[in-house]
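Asks: Letter by letter, the chains look like this.
2 protein chains.
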Amino acid sequence: MWKLDKDKKVLIVGLGLLGGSYAEALTDEGFYVGAITRSRESIDYALEKGIIKSGTTNVEPEYVGQFDLLVFCVYPHVFLDWIEKYQGYIKPGALLTDVTGVKRSVVYPIQSILREDLEFIGAHPMAGREVYGVQNETKEMFKNANYIVTPTLKNTKDGIEACMDLGRLLGFRSVKAISPEEHDEMIGFLSQLTHCIAVSLMVCKESEHLVDYTGDSFRDLTRIAKINESMWTELFYMNKDELLLQMELFSEKFNRLKEAIKDEDTDTIHEIMRLSTKKRKLFDINKNEEHNNDNREGKKEG
Amino acid sequence: MWKLDKDKKVLIVGLGLLGGSYAEALTDEGFYVGAITRSRESIDYALEKGIIKSGTTNVEPEYVGQFDLLVFCVYPHVFLDWIEKYQGYIKPGALLTDVTGVKRSVVYPIQSILREDLEFIGAHPMAGREVYGVQNETKEMFKNANYIVTPTLKNTKDGIEACMDLGRLLGFRSVKAISPEEHDEMIGFLSQLTHCIAVSLMVCKESEHLVDYTGDSFRDLTRIAKINESMWTELFYMNKDELLLQMELFSEKFNRLKEAIKDEDTDTIHEIMRLSTKKRKLFDINKNEEHNNDNREGKKEG
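If you're matching them up, the sequences are chains A and B in order. Numbering of the first sequence is given in the numbering used here, commencing with residue 143 and proceeding in unit increments. Numbering of the second sequence is given in the numbering used here, commencing with residue 143 and proceeding in unit increments.
Wrong hints could be hidden among the right ones.
[Stated by the list, open to error] Quick list of in silico lysine-lysine cross-link-like pairs, DSS-like style, CA-CA up to 27 Å:
1) B:LYS318 to B:LYS423
2) B:LYS395 to A:LYS400
3) A:LYS420 to B:LYS347
4) B:LYS296 to B:LYS382
5) A:LYS347 to B:LYS423
6) A:LYS382 to B:LYS404
7) A:LYS347 to B:LYS400
8) A:LYS150 to A:LYS285
[Unchecked claim] Reference excerpt, derived from the structure (chain A facing chain B, CB under 10 Å, subset only):
9) SER316
10) LYS318
11) ILE339
12) LYS347
13) ILE369
14) GLU371
15) LEU386
16) LYS395
17) LEU399
18) GLU413
19) LEU424
[Claimed, not checked] Calculated from the model, a selection of chain A residues having no Cβ within reach of chain B, i.e. all distances over 10 Å:
20) LYS145
21) ILE225
22) GLU258
23) ASP259
No lab work stands behind these hints, which were simulated from the structure alone. Yeah, the Cβ is synthetic: ideal placement off N, Cα and C, and Gly gets one too.
Model the full assembly from the supplied sequences, consistent with the hints where possible.
Replies: Here it is as structure tokens:
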């Protein structure tokens, strides 16, 4: 029976912002944490800061073979390559997990090529910051974030539980298990579609002269328009069918509102706005994000 | 020569969130501030809090006639009605301004019916909160906001300067003058389009089960989806031509990105994302909104 106790040694593959934050949280919890990453500088930084006990830039059998839990914090295609090349080094019975933002196109390919004596369970820590690199790591970013585990029929009860324990140990606010399919639909809508909207809005106009007039609305909608084009394009392609469906759905709603404005169809506009107001309030109630009072809420333009 | 000195008495018409915040700021600056509003409760609250010296729920000639500067903080159609009915009560030489979020359809109609011995200069304080009512007033909300004056050929140099002085006195971060046409294009894009996007996104799906998985992206994009349907529908209609143009523009960019994703046209996607990243960074540089460092920025999904 696999259990995430402190005898387990954890290897972080890819020591960037997320990998570094995992390392910090797990080291603080008393685990032995090692790391493999491309940059010697990142290893040195993490060793000096004490968030890893050992680290290397070379993937070697003796080093890899000592770990019980491997967390892959790398690009999806790098993860697939790594498993193909180096899975022979991994200790029998080890548990593998990842942090990739799409799941169907990672979980099924990896599980289909993985050795029978290893187990991989996909996970998506929905946390991030607008900066990169292990130098910016902080386990603080997990506090208000969600951790999603996406098991399949290939996974064991113990493996799933251990992976959820990992999310809890890291300090995530909420830890949940859903299918890779549910995950990808949800992320296509909540995250990928929103980035497509933000990016499209940001490139609409020459904006230099607009900066002076920009209020919170535009800032809120474009905050995520600063985007790493390589990572996001890869994630978009890996979830292309779902993302395109979500984009169609949004266009449909947007066009319905546009037609209603064109026709001055006040009933339809009011109905849409009342529905959006009601739905958005759910978020406040659940997260106490904003200060509520008994007044009817709304927001002035600007 | 009209100058905004402290001998001038200021009348706030419509004592809500914005009117109340104007009253507080101007009273603190040593002005005599009066108010006319529909609710006796609002007057009583403002008197007790000391942000107005006098107030009434009735529009009477003796009361109105004592003021040198009138600030209309009411719905556009209420403003037009008021001027038609009561402009005879206003002191000759008085200056009028407003807070309406659209300008062409307010400024020209008002100026065309206004007495020759009065002057109206449109203004748009781009500040707001997600709550209503004088009980929520605070001049703090002007601190990081823009104040826009929209003069026409009917306005005098002194009048324009006085109106800009008002914005500075209220404590706005930036005070600028542009034409009603420029204003309406800008607001159609920065504010009205963004609200249409937020509302459309919010009504896409049953969201109850999504709340648990929602990260910052979706929250940022839908924060303004709680919306006062009467006010916004009125503002949309009053700027309909510009808003529809801006909605078309956004759809065009959004569809271009969608097609590029469908075709896996990586060059086009990268080009769009690099442009959006570059444009959004301008906002950080200008406003120090976010912590920058030398790392390439982006934001992880979530």
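Asks: Which hint numbers doesn't this structure obey?
Replies: Of the numbered hints, all hold.
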